[in-house]
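Residue numbers (my numbering), protein chains in the order written: chain A, 1 to 256; chain B, 1001 to 1256.
Accuracy of the hints is not assured; some may be wrong.
Short, incomplete list of chain A residues facing chain B, as computed with Cβ under 8 Å [as the list claims (entries may be wrong)]:
{"id": "1", "residue": "L88"}
{"id": "2", "residue": "K91"}
{"id": "3", "residue": "Y111"}
{"id": "4", "residue": "D194"}
These aren't lab readings, by the way, just hints derived from the structure by calculation. Model, not experiment: these values are computed from the prediction. C-beta: ideal position from N, C-alpha, C; glycine also.
2 protein chains.
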Amino acid sequence: MSKPLILITNDDGIQARGIQALARAMAPHGRIVVVAPDRAQSGMGHAVTINGILKMEQVTFGVPEVEAAWQITGTPVDCVKLAIYEILGQKPDLLLSGINHGSNASINVIYSGTMSAAVEGAVEGIPSIGFSLLNHAPDADFSACASYVEKLSLSVLKRSLPVGTCLNVNFPDLPVSELNGIKICRQSAGYWEDAFDKRTSPGGAPYFWMTGKFTNPDQGQDTDEWALRNGYVSVVPTQFDLTAHHAISTLNQWNL
Amino acid sequence: MSKPLILITNDDGIQARGIQALARAMAPHGRIVVVAPDRAQSGMGHAVTINGILKMEQVTFGVPEVEAAWQITGTPVDCVKLAIYEILGQKPDLLLSGINHGSNASINVIYSGTMSAAVEGAVEGIPSIGFSLLNHAPDADFSACASYVEKLSLSVLKRSLPVGTCLNVNFPDLPVSELNGIKICRQSAGYWEDAFDKRTSPGGAPYFWMTGKFTNPDQGQDTDEWALRNGYVSVVPTQFDLTAHHAISTLNQWNL
């Protein structure tokens, strides 16, 4: 049997340590093609470039087993679309995104370019996983993730995933010896208490930096946040059907 | 009782006809503040500006009843956050986004800046609605939307919405006399068959424009696409909990 074709992307840019760790972990298990943004695209959510042009360029990549690597001028979702329709000319057997520098648990899933790439894979019908480590630092240590990346990816390759879903996988920032295993979870109801740092330009004009504090009133032990706080690798099955099905009957009672 | 405070935003930019139609329809019903992008931000999804700065400027707006209007250098979600925390200094009673030039039914909800602004409102606990007309043209005629915008907005102000949800409202491009009323729906399973238009720059470098064709194998009569094809205004309750709850038990059986 030929080796599976694995597409790897991220939102921290093709130079990030996290995507190298991901490619290195999966190199023994498939033909790896990397298609990733040419610069950091954190917080890009599901943005697509529809009012501008995209360029791509083949580049060298730090992991010699990688079959080809391309950098794209667009967003993570652009990378997935260009990879399938212009670079591979086919759908890969598996799409992996990350490993993100920083958490994509809880509400972060909707802001995350890393997870939006995985969601786009699911829209395309490709088994897809987004991986994130709870450490923002450019020099974060991803070594504890490797064995879990392999296990989860090989399981998904073998069994595929329920239709219309992908996986949102987050790692606590712990050495592998302190990880307690994998826990299947729901997205917690945490959110960001936003704030802005208001400054003044040299010319006297006000401008703003977005800041904020993550707040989580949801103490459920079935949540990703609980799992991560307790040393588990959290796995949330994530879908692109945003319908609040439970709310349909309520709205029908309004007789609009 | 004092008039409700209504925040209006969009993704087509503060100059678009659709946002003017929305503000005009709601002007009799509340104190309106417009906070919208200074240029078109279609397809921006849930992008937020975390690696750059934001600027804002008070501007005049074509609807004289509007209390204040601000244009922002960022995305629709940036607009919601800046509006609440720097402009209003409070959460509005209602957040309305649109009226978008073009459909946000089906899978378009995940790419849409208009809907991401409404989803962000829901994350903030604000009753929120995104409106879209199935006509992309800059000079689209929004007159058939007005009475439905009023009815839906006043209903939501009166009753609020189920926790964690907002509404995704789409209008067929029909005169008001041909609209068949409102239908509560689920998001259809349609998707984009992507394609790229490959061109060459004057300097000889390849570049790409994203194109594609919307395809909908989902013939369910409970979908937004069915409702719109049959002359109904579609209303989909939309949530930011992306957990595929039904997939949790399947994944637990994998014994990861």
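Evaluated hints:
At a threshold of 8 Å, the smallest CB-CB gap from A/L88 to chain B is about 13 Å, leaving the interface hint violated. For A/K91, the interface hint is violated, since its Cβ never comes within 8 Å of a Cβ in chain B; the closest pair sits about 11 Å apart. The beta carbon of A/Y111 is positioned within 8 Å of a beta carbon in chain B (closest approach about 6 Å), and the interface hint is therefore held. Interface hint at A/D194: satisfied, since its Cβ lies 5 Å from the closest Cβ of chain B, which is below the 8 Å cut-off.
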